[in-house]
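Number of protein chains: 2
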Amino acid sequence: MNFCSHCGARVATLTPPGDHLPRFVCESCGTIHYQNPKLIVGCVPEYAGQILLCRRAIEPRLGYWTVPAGFMENGETLQQAAARESREEALADVEILSLLSVVHVIHAHQVHVFFRARLREPSFGPAPESLEVKLVPHAAIPWGELAFPSTEFTLRRYLEDLASGSDAHHFTEFDRRLQAGRVKP
Amino acid sequence: MNFCSHCGARVATLTPPGDHLPRFVCESCGTIHYQNPKLIVGCVPEYAGQILLCRRAIEPRLGYWTVPAGFMENGETLQQAAARESREEALADVEILSLLSVVHVIHAHQVHVFFRARLREPSFGPAPESLEVKLVPHAAIPWGELAFPSTEFTLRRYLEDLASGSDAHHFTEFDRRLQAGRVKP
Chain A
0 MNFCSHCGAR VATLTPPGDH LPRFVCESCG TIHYQNPKLI VGCVPEYAGQ ILLCRRAIEP
60 RLGYWTVPAG FMENGETLQQ AAARESREEA LADVEILSLL SVVHVIHAHQ VHVFFRARLR
120 EPSFGPAPES LEVKLVPHAA IPWGELAFPS TEFTLRRYLE DLASGSDAHH FTEFDRRLQA
180 GRVKP
Chain B
0 MNFCSHCGAR VATLTPPGDH LPRFVCESCG TIHYQNPKLI VGCVPEYAGQ ILLCRRAIEP
60 RLGYWTVPAG FMENGETLQQ AAARESREEA LADVEILSLL SVVHVIHAHQ VHVFFRARLR
120 EPSFGPAPES LEVKLVPHAA IPWGELAFPS TEFTLRRYLE DLASGSDAHH FTEFDRRLQA
180 GRVKP
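Just so you know, the protein sequences line up as chains A and B, in that order.
Numbering that gives the first Met the number 0 numbers the first residue of the first sequence as 0 and each following residue consecutively.
Numbering that gives the first Met the number 0 numbers the first residue of the second sequence as 0 and each following residue consecutively.
The calculated label-pair distances, taken between Cβ atoms and stated as ranges, are:
no. : chain 1 : residue 1 : chain 2 : residue 2 : range
1   : A       : 86        : B       : 73        : 27 to 33 Å
2   : A       : 164       : B       : 124       : 44 to 50 Å
3   : A       : 97        : B       : 108       : 23 to 29 Å
4   : A       : 164       : B       : 1         : 51 to 57 Å
5   : B       : 162       : A       : 9         : 53 to 59 Å
6   : B       : 14        : A       : 27        : 29 to 35 Å
7   : B       : 31        : A       : 175       : 24 to 30 Å
8   : B       : 167       : A       : 16        : 39 to 45 Å
9   : B       : 117       : A       : 175       : 28 to 34 Å
10  : B       : 136       : A       : 108       : 38 to 44 Å
11  : B       : 20        : A       : 18        : 30 to 36 Å
Covered stretches of chain B (chain A as the covering partner; in silico rule of three or more C-beta atoms under 8 Å from a C-beta of chain A):
no. : stretch
12  : 32 to 42
13  : 72 to 79
14  : 164 to 172
Keep in mind the hints are simulated off the structure, nothing from the lab.
The C-beta atom is built at its ideal place from N, Cα and C for all residues, glycine as well.
Bound-form chain A, shown alone (with noise of 0.2 Å):
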């Protein structure tokens, strides 16, 4: 950030009286523009026993494969954010279920939210963010081709709450702020 989104001046970095961090402040009109965690929120559909996965259309991680997700907008609980993003992403028409993973994800400021889920019909396709989706037998789930650590978490902690017969939901974390020069996910 480097100018004021309110009046257009430079903005400074300093701490605001009575905070503890440094934030970007505009000495010209007093905005304080706080920097914010976002929120990415998904879901994995499951139909008679199969897994709909998406390839990216898209950077980051072009070609590689995910479940359906993506930056929750204003105006939408998180369970309508995961439903949006597999009609945008896959063009399936999914009922959420419970909670499965909450992921943070430090390095790039995100929380990433899963939901387990439901496609409704066998009906789903490629839109423009992606290059292929299909229904994956959870033994064909090609773990070396996952595009993000929070896919595979999701994916894995899935799989052995269905096999153990769970419907709990798991939290952790990935944190690449000291691994210079690796790229983030």
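Fit chain B to the known structure of chain A by using the hints.
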């Protein structure tokens, strides 16, 4: 948003190619400025059958009671954010336990997340953001003087679950977009 935070030019409101919603777009440098929901994170700190409540020293809802909560920062997990807010608002050291509630505050573009928590020591006090901090027996919760609907939802579910021995989490939403003339929480 009036100006591009990257280059300082005026932004336009338009729907970018391939998108489905209007965004703030800088036609000078090409930056699209997405607006997404922010995370508010808090907890219900319990000690010996009582709950730690704070009376707000700041707007909105100055003078009303709430549990420790605030905006999640970059670089932390939800649990770390909840513990930090207890330190900052109540000078309290808490152990964060299970997920309790997720409240979509649609009109405010916020997602509120609360955890159960345990106050490690009966040591606390008002930090600058609080007028007063105290341990309150369950039967003495000031229901009519709570700061936010998400506070009330969270405390009611907390007590119900305690009574039934449940460790569940609960989703809800509040949407005042269509109720003109009401004060935003």
